[in-house]
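Peer 1: From just these sequences and the hints, can you work out the full model?
Protein chains: 2
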Amino acid sequence: MNKHIKSSGKGRVRFAKSNSDEHRPPTFEAFDTKLVTPRAPTTQALSVLDVDMHAAENKRAHNTIKYKNTNLIVRRNQEFFITISFDQPFNNQRDNVQMEFLIGSSPDENKGTYIVLPIGIEKSNGRWKSRVVDIRGNYVTVGVTPDASCIIGRFQTFVVVVSDFGKQRTERNTATDFYVLFNPWDPADQVYIPNDNQRQEYVMNDVGIIYNGEINNITSRSWNFGQFEKGVLDACLFVLDSGKVPLVYRGNATQLVRQGSALMNAQDDDGVLVGSWDENYSIGTAPTAWTGSTEILLKYAREGGVPVCFAQCWVYAGVLNSFMRCLGIPTRVITNYCSAHDNTGNLKTDIVLDEDGRVDRSRTRDSVWNYHCWNEVYMKRPDLPDKFSGWQVIDSTPQETSDGLYRCGPTSVNAVKEGELSYPFDARFVFAELNSDVIYRQSDKYGNTKIHHVDTAYVGKLLVTKRVNANSYEDITSNYKYPEGSDKDKQTMKNAENRGIPTRDYLPQPEAGVTMNIQVDTVKMGDNFKLTLNINNQTSQTRTINATITGSVSFYTGVVSTTFKLENKAATVNPQNTAKLQINVQAVDYMPYLVEQANLLFVVYGRIQETGQTISTMRVVTLRPPELTINVNGIPRVGKELMVIVSFRNPFTFILENVQLRLDAVGLMPTRMKSYNQIPPGGSVQYTEVITPQTPGRKVLIGSLDCAALRQVTNQLEIIVQ
Amino acid sequence: MNKHIKSSGKGRVRFAKSNSDEHRPPTFEAFDTKLVTPRAPTTQALSVLDVDMHAAENKRAHNTIKYKNTNLIVRRNQEFFITISFDQPFNNQRDNVQMEFLIGSSPDENKGTYIVLPIGIEKSNGRWKSRVVDIRGNYVTVGVTPDASCIIGRFQTFVVVVSDFGKQRTERNTATDFYVLFNPWDPADQVYIPNDNQRQEYVMNDVGIIYNGEINNITSRSWNFGQFEKGVLDACLFVLDSGKVPLVYRGNATQLVRQGSALMNAQDDDGVLVGSWDENYSIGTAPTAWTGSTEILLKYAREGGVPVCFAQCWVYAGVLNSFMRCLGIPTRVITNYCSAHDNTGNLKTDIVLDEDGRVDRSRTRDSVWNYHCWNEVYMKRPDLPDKFSGWQVIDSTPQETSDGLYRCGPTSVNAVKEGELSYPFDARFVFAELNSDVIYRQSDKYGNTKIHHVDTAYVGKLLVTKRVNANSYEDITSNYKYPEGSDKDKQTMKNAENRGIPTRDYLPQPEAGVTMNIQVDTVKMGDNFKLTLNINNQTSQTRTINATITGSVSFYTGVVSTTFKLENKAATVNPQNTAKLQINVQAVDYMPYLVEQANLLFVVYGRIQETGQTISTMRVVTLRPPELTINVNGIPRVGKELMVIVSFRNPFTFILENVQLRLDAVGLMPTRMKSYNQIPPGGSVQYTEVITPQTPGRKVLIGSLDCAALRQVTNQLEIIVQ
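Top line first, the protein sequences correspond to chains L and F. Here numbering that gives the first Met the number 0 is used: position 616 in the first sequence is 615, and no number is missing along the way. Here numbering that gives the first Met the number 0 is used: position 217 in the second sequence is 216, and no number is missing along the way.
Worth flagging that the hints you see were computed from the coordinates, not collected in a lab. Take these hints with a grain of salt, some might be off.
Copies of the same chain look alike in the list, so a pair counts if it works inside one copy or between any two.
[To be verified] For lysine-lysine, the following DSSO-like pairs were computed, each having C-alpha atoms within a straight-line distance of at most 27 Å: (1) K579 to K379; (2) K568 to K493; (3) K487 to K460; (4) K110 to K493; (5) K128 to K449; (6) K386 to K487; (7) K110 to K449; (8) K16 to K229; (9) K416 to K386; (10) K386 to K489; (11) K493 to K639; (12) K523 to K568; (13) K386 to K493; (14) K493 to K243.
Computed from a predicted model, the values in this text were never measured in an experiment.
Peer 2: Right, dumping it as structure tokens:
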């Protein structure tokens, strides 16, 4: 009686955090026979000969047939069928048989990591359901329905025959392991999305388009999501294991997407991708060079969780998209043009100019990104009022920590639109990305700064995503914002202020009566070109403007790298009139300093002679890179060899060195890579690959060419395999 | 013009995270004289001879005079005065002088870590204010008001004289450093609390009472918060530095208390205290042995951030209380009796019993703590709707991770009461501590479990805190809960369910018509005693009950250590009648197995013979330890020696070994410790200390005696120094 078991006074509270760690239950568990009421000897107990998971049939019914994985994959709250064969006919009255499904190292019925389903007995207590569908002699077919909120991941299957003396369990057999995924087809699942076209796009489409460039010059690249490729599902579960996500949380979509957003970046938790904006990618792959997610996820899993180098926002968004679609959560990639990165969450993006109107890099810490990519996932938010269900922002680009870790979301898009910023998670940060005011401050040498110009409309001008079942973009700005200046927009700003967002407390600017804007056509990299500065005088007096035009090379994050042009021009503008100033830009001036994605930032700082007032404008020009061409010869047919030709010509007067060419063809072959030491000025390269399509349908060939001097050269070709 | 500065394309986004890292500005900064318009030679520039911070006068006005710290300490949004002496008379028209206040390694005006206040010129842009109060010859007195939401911490002071050629700055002088704290006296501060008695208790009181024991036997211990003791304020800032809390967040009370709750425990971040419930404290100090926070905070800082061993909930709460009061945030320690620790947040505390009605320790992971201590802080929540301002729960005992880290809160007490669980932070977890149902499940050897009994009223029965200006407890249960079963209580449960708390979906229990409860008087440790089991039969038939009484030694966390008693008794109870069963408990049975805090847990499992129904009840008995006595001889007077005598007698029949005696007297002396190798049975020890009070007023002497066989022996004596 006095058994003294030594234990911790705090009790056992550790949770299994790995799907790949296994508990191995014994094949025989004897009962304490002293406690058993003696009975007449029972008849010979059953033996289990085989368990058939009916992988192909079940997968077709569960929309999981596209996964290149030999095991069964099912979705929550949808029945699947297993046939057990015994050594003798099964008798429902006599035989006590249980199915057991286990996940992780400490299976526990209370935690949903150990499922016990007696065959032929209705189970009242658990949440998975089972029923006998058919008994034919030695064969029993059972229908099993995982509950709508069960843990997702890889489960082990055992069959147990219970006798008076103990439990006889089948041996561990990995062929009977099966995966359970989220179910966007089922109304009871947290990630249910009603429209089938949306499910086909946001869950089943394994190729997508990511928009980039800048707001006046929207460009795009195709991306291989590859969620059905061989090994990708296991890689995604490995990501969760590597991030020590407790199994008990893995059925909760809110928790899962939040953890997912943290786990795509290497910060804090050795997640999938290392971010770099440093232009030196020699120890890894340049962010611009990737063509899709498959290569990244498989490399991360193959190397046991070593973060992959390197990513920028669209790479994070692309891989997070793959991860979510793979687990069955409807997801899409969003591009926000003119996205503020507000370091202090005060809804003010401070641009500090020096006395000459140039950006003071040492004092400017906030920035406006030309574009920023994040993701949206579609789900119910049972933790929030109903109106905040639907699309949720998640973002794994490591911009700022959220409550201590680099992650962002899920943030209800509806809550952002209404300025309802109290609810979790990270609504304030997302709101600032879309609604910050740009404040130009000017500082003198005494260290005094003053507000020189405020632009309330520059940030969050346009949000886009790939259209369902089409290769063009859909403008989804109105999901996030009411029209600038409308009553509802004002209400949103008021709501935000009531939730602790600082008020717009800077003084209103005196009206100068003169405005400027910069006009420019599309420019090819390496071309000389002209800018037009339009100066509009709305006053009734003549105005003379002394304009300082600064031309800089900049990153897509708005961070300025090199100033290559500084020019002063003056114009006299008649009342109610517009003057045009031409500014010539020479390739020899900017080419030596270009950084990736080839953005030029022009800032004009104007001083009105008559009044002493100052005005500003800025404009980003994204230069068009030379073209990569992809062709196939012949008509693509299943089982027939097809030749793919990728070619490129160096149009520049300098040598391109250490050039990497990538060809990715989702569902046709793994990613191929080819390196060239040099491509001389005017020189061409041509790369040929022979592939044999295995399945019919639409396929996308994605190519990229990348070297230090030239990044972001990509193209794609869609083919229909017959 | 073509200056190519190499930089990261993501910009500079690192924040200073340490108050002790310093930026050393140059003593002279030359201007680029080419850019300066030549002027006639200026008159001889001023030199600064001295900066007087008026520490004593300012501290009296700012309620900070009690801090044993020679530097100035001020509170936000309240003016303080500095006098600058120059080598010649100051001329407001001619002289350009600035005060600079810096904090951390990268001072920045936009981030509030660099404050520039020109003397005599009104500053429009910044948020700190200054004004010239008095000019007398070479002496200028300036009034400075930190803004109501500024960063708290230690600032450096410089005075800068600006000439045409540059800036002349005073040398670094630590004597002019000053601390800024939260200001509960000021309505504009986030932590304003209107009632002065509350400020005196929750901010200024440096000794408190923490309640423990169990709900039927409430006991208490005094605690030295010691927030004004020498070195404690620096230790608290060191805790923030050690936890890498960005300086820019340190003015935001919501952020600060959340970070504080994370930093008191060593998990994740090498915070202040290592938790242990393992009964083996030989490498540190037993949680029960501490008498206050001073010793712990100073040790942590002195050893450079090595976590201190060991803590349990009241130690975490005591130290967190000191930390908050020290920084100026109103705080109190709360004790929640019958506090559920629900591992999965499903609002069900599962107690799994085996076939004999004994707790199955291997399958019971949730537990009900006899009591659990946390803290409340008082503050506005600008991030939430107004009604959720006021008292907020924070808890640094590492029970469960909150969004990835061990921390809890701030959780609005009002939101918990209303079941409004969507708002940050951790409302769900706190709600479960107060509102879980205890579900007794019974499992048979086949692994089938069934619900045997549900108790919806066991958890969260009573919450208490020390009363303002009194040494008794205040029942604050109604702050957290509406009366059990009331309409408002039902509405709260409904609100919680609408926010994703699982419904109470178990089947209603059939009414047995028989109830049991256990009655017992106060019991001294080492005594034999009697329990009375009252069995009440509400039916109209006679009932025979077979009762199994299990007696176990248990921790205050509800975790069972050793079962020392198992007894079967039967009783026949007439209709509408009550029977009493006596159960004798012998000291020899339980004494060898006692664990700290000496709790005995009795579980009675009853089977009604006539109906086969089962009923349960449980009761914790906390044994009263032997007494520690504290006496002083003579009348305590300032400057006069006073003798303190602490004495103890071992009433047991066994030897007490490695006994530690602690004496703490807040404001009188540092904590003193004395060790005894052995105290034989019946033996006494007496420890004498001579102290000389330096200040008059109420002082509390706190003593504790601790050894492996006997923990939680504490006492206190209040004296008035004249």
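Peer 1: Next, verify each hint and record whether it holds.
Peer 2: Okay, the hints, checked on the actual structure:
1. In this assembly of identical chains, the alpha carbons of K579 and K379 never lie at most 27 Å apart, being 53 Å within a copy and 54 Å across copies at closest.
2. Neither within a single protomer nor between protomers do K568 and K493 lie at most 27 Å apart by alpha-carbon distance, with minima of 42 Å and 69 Å respectively.
3. Proximity of K487 to K460 under the C-alpha cut-off of 27 Å is restricted to the intra-copy arrangement: shortest distance 17 Å within a copy versus 46 Å between copies.
4. In the homo-oligomer, the alpha carbons of K110 and K493 lie at most 27 Å apart only across protomers (24 Å), although the nearest pairing inside one protomer, at 44 Å, exceeds that limit.
5. For the identical chains of this complex, K128 and K449 are inter-copy neighbours only, at 17 Å across copies versus 68 Å inside a copy, given an alpha-carbon limit of 27 Å.
6. In this homomeric assembly, K386 and K487 come within 27 Å of each other (Cα to Cα) both inside a single copy, at 17 Å, and across copies, at 25 Å.
7. In this assembly of identical chains, K110 and K449 lie within 27 Å of each other by CA distance solely across copies; the values are 15 Å between and 59 Å within a copy.
8. In this assembly of identical chains, the alpha carbons of K16 and K229 lie at most 27 Å apart only when taken from the same copy (24 Å versus 44 Å across copies).
9. Proximity of K416 and K386 under a CA criterion of 27 Å is satisfied in both settings, with 12 Å inside one chain copy and 23 Å between copies.
10. In this assembly of identical chains, the alpha carbons of K386 and K489 lie at most 27 Å apart whether taken from the same copy (20 Å) or from different copies (24 Å).
11. When the C-alpha separation of K493 and K639 is checked against a cutoff of 27 Å, the pair qualifies neither within a copy, at 63 Å, nor between copies, at 63 Å.
12. Taking the closest pair of Cα atoms, K523 and K568 come within 27 Å of each other only inside a single copy of the chain (26 Å); across copies the shortest separation is 95 Å, beyond that limit.
13. Taking CA atoms no more than 27 Å apart as the test, K386 paired with K493 passes in both settings, with 19 Å inside one copy and 18 Å between copies.
14. Proximity of K493 to K243 under the C-alpha cut-off of 27 Å is found in neither arrangement, the shortest distances being 40 Å within a copy and 34 Å between copies.
The structure shown violates the earlier hints numbered 1, 2, 11, 14.
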